[in-house]
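S.K.: Residues per chain, in single letters:
Protein chains: 2
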Amino acid sequence: VAAVHYALWREKDNPVKIVSSNPAEGTQRVLDIEETSTESVIELAERARDAAQWYAAQSLHWRSDLLGAMAVELERDGDHLVELALFETALPRPRLEGELRRTAFQLRFFASVVAEGSFLQASIDHATDSPMGPLPDLRRWRVPLGPVAVFGSSNFPFAFSVPGGDTASAFAAGCPVVVKAHPAHPATSEGCYDALQRAVRGAGAPEGLLAIVYGFEAGKALVDAPAIAAVGFTGSVAAGRALWQRANARPVPIPFFGELGSANPLVVTRSGAVRSSEIGIGVAESMTLGVGQFCTKPGLIFVPNGDEGNALVAAIVETLEKLSDMTMLSVGIATHFRQGVNVLDGLATTRLYGDSNGYAEAHVGASLFEVSAGTFAKAATTLRDECFGPVALVIRYDDVDDLRGALEVSDAALTFSLFVGDSDRDEKWILELAARKAGRVIVNGYPTGVGVSWSMQHGGPWPSTTNAAATSVGAAAIDRWLRPVTYQGVPEGLLPAALRDANSLGISRRVDGVVR
Amino acid sequence: VAAVHYALWREKDNPVKIVSSNPAEGTQRVLDIEETSTESVIELAERARDAAQWYAAQSLHWRSDLLGAMAVELERDGDHLVELALFETALPRPRLEGELRRTAFQLRFFASVVAEGSFLQASIDHATDSPMGPLPDLRRWRVPLGPVAVFGSSNFPFAFSVPGGDTASAFAAGCPVVVKAHPAHPATSEGCYDALQRAVRGAGAPEGLLAIVYGFEAGKALVDAPAIAAVGFTGSVAAGRALWQRANARPVPIPFFGELGSANPLVVTRSGAVRSSEIGIGVAESMTLGVGQFCTKPGLIFVPNGDEGNALVAAIVETLEKLSDMTMLSVGIATHFRQGVNVLDGLATTRLYGDSNGYAEAHVGASLFEVSAGTFAKAATTLRDECFGPVALVIRYDDVDDLRGALEVSDAALTFSLFVGDSDRDEKWILELAARKAGRVIVNGYPTGVGVSWSMQHGGPWPSTTNAAATSVGAAAIDRWLRPVTYQGVPEGLLPAALRDANSLGISRRVDGVVR
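So the protein sequences, as listed, match chains A and B. Note that my numbering has the first sequence beginning at 1, numbered continuously upward. Note that my numbering has the second sequence beginning at 1, numbered continuously upward.
To be clear, the hints were calculated from the coordinates, so they are not data collected in a lab. One thing to keep in mind: the hints can contain errors.
[As the list claims (entries may be wrong)] Examples of chain B residues toward chain A, derived with CB under 10 Å:
| no. | residue |
| --- | --- |
| 1 | 38 |
| 2 | 118 |
| 3 | 455 |
| 4 | 479 |
[As the list claims (entries may be wrong)] Listing some non-contacts, in silico: residues in chain A with all C-beta distances to chain B over 10 Å:
| no. | residue |
| --- | --- |
| 5 | 42 |
| 6 | 102 |
| 7 | 131 |
| 8 | 197 |
| 9 | 201 |
| 10 | 224 |
| 11 | 278 |
| 12 | 346 |
| 13 | 355 |
| 14 | 468 |
Ideal placement from N, C-alpha and C gives every residue a C-beta, glycine not left out.
Pulled out of the complex, with its shape left as it was, chain A reads as follows (with noise of 0.2 Å):
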């Protein structure tokens, strides 16, 4: 997704105050936070590592209870969050109202997650005679790295924000959280933060369990404080490689799990093209949803040459012309979005519907280009980047060759989604393709809902990830904040409980190499 930055509010000598902008008005408020000096976010980071060893210490269920008071806080304080994200985000009311009810619904799942306990990996192998001689007693768990950076995303304010995705699973796995506000919606995130914060208060925790940071800086120095042990991060390519690599160039590296960008791939076979308005509708409906704000968005959209092919196009233009004028969340970000809209006018065959002329500000239209499969193949890989926005490039192709190059020569992406009909056989080497290329791959469905359940995968190959093994949704994401401790011949009494024989807390383990 596309970066942006603070707008700030700079008089004399005074320190930089934050902006808070309405993007469909143009108005501006100066809010009462100065920019995060840099020792203070050391210092923040701080008294996270201080607050890590204490919450480490408390059970699964404190910390399970302390995620369902989140929950709570942030309900309790729900219709005041949504006034201050609908002010900086020109998001509708009932979007950022099921947004705020995700929030919760996944703070309470991270919570089950926590008390089921198998997040923890328990394993327990007695001593035993192995063909290689003598094994000792060896039993292993997962403990939490420490302080979490969370710097979350402009699309998502609530649930990949202050209390988002990152911030549940970091928590569920017993990290302290420092986040990062985002520029484009500071308000709603002091908004949150003092929500969590109640909760964290509440629970009788050391404040330093969850601190925030405003400004540019405060970002750059959150990622090099030497007490932060793991970075999450919602962005775009170029902010989220820039970090990255600062993650990697600290003293002492630490693990940086960043979304960044994706253009997803929507591919229609023949035999599901015989769909075509119903698909079309789907594809428009998708591609615009949120104003094209997802990063599961459908940006790269295969559909077959022929009739049928051509019915499904002008089902997509035919829903595009019903839709009225948007807003993005910026300014910067529908700057940033014109300028991939122009690109793609550029390098594209053809412009099936939109004009960039007549929009300002932060206000756009929805857009879409065609390209023959042949074309898509052998052109600049600007016309495969993601343009994050109410765009999609429509991709024509002859036949299962012609579909095979362009798909080959597609960047992999978080999600792939495939339109088939009955005769459904011979699609299976897309789906092999698609699993090489994308971490969620959608037979007759659209990209743009990500549910949080335990099998969801929120993440892929490189560049839609910066590590395709994680994921940022889902049960799995708090993986990204444990690493596993292996115990050795210690005895029963100074072993967690998780890994005492006696199975006190219920949990799933490996007893002997047996999932018990």
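We have chain A; now place chain B onto it with these hints.
M.R.: For chain B alone, kept in the frame of chain A given last:
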């Protein structure tokens, strides 16, 4: 562990030939192997990528059988391979025979991990209504990353080299392997490669499933090769960090799992020091095992001041005095070791045992140094670095604060050993610190044995590895070579067998959130 470069044999314009060196005798023989050109490296990696798709389509049963066949072929050539390694490593025959057995055992262990199937982390969420509305059918498992580059270590010519844990776990995960032969044992590497390749051919697999490359430049080219999907490395901090940065600098960065240096702490508490003589002998044996060329060698020995501590240190020295002179793996490693000992000599307060004079080429003697905890805590960090070889630094402390101060400044390590007496309640803080600082925590035992089992963790925070969440020994070593993929709404007939409702593979799975 220390870096070492190829001995090369260049004759006029002919390609560079690889040389096999005998560190004990100082003799060499030119092998009929050339350095691998960059073009060949790229081609071998591409061949591996082609094989990857074929391999991923084979059943778990087939994959498990392949690993078993590799163990058989390795054992079939056992006598020959041990002879090659004797010449190249100067390690004693029983050690090499044991290591070969262990390596075959490890291949069979991973065969059983594959057959057991829970490494797939298969999870099925049937379509359901959630508080957030309908959730689609979601099914998640883990797929192989693709061709893995393996950089084996100098110190274990079998167990951490061509047929070692990285290779075994990568094949178990479903990934082809391209090994970079270690310059300290190229003939052994070639011999092991031949044995494994026989198993590949015997199974009817494409030859590209396994490849080997030789030469310093070939190693760099291998990390750069576009078809390589991940790297496993065991070696020095310097070489590991350089190759890790190289992997990160690729246009498409790839995960790099490096096991680097580790100065493993071993703490004897006051109550533990009662068994001074027994522990002293054990420490001396552990620190000189395999000529001190274990990445788990206890290098920092924390001993209380006072009579019992003195007796313990005396027991270490007495045991060292009984040792003969030793031969290290190569002249380069021995030279590096002597340099490290000289640095310690300049920084430590007392030399308790040993004398660098009189040794040359690959021949060395053991050394032991002493320093107070206070000096250790304030000293240059080089005093706390790993010195690969038969040397350790004894750190003498007065009380708990003194000990804690010295331990807090120590780097993270692969292992942390603790010798305690019966009054073990007071040692909880050390175990907590140990779990923060190391991947394996050992009570009343020595760190040098690393058992192959479900619960083993061989890894630790930076600088002991590049990725604290990974292990290079034990069942979880397979995790490094996998990434998750979720299938959404995919018809049963198009799903992989592991994710169909009928659990035909009979593997442990999570279904609708419950482990079954």
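S.K.: If any of the earlier hints don't hold here, list their numbers in rising order.
M.R.: The structure breaks hints 1, 6, 7 and 14; every other hint is satisfied.
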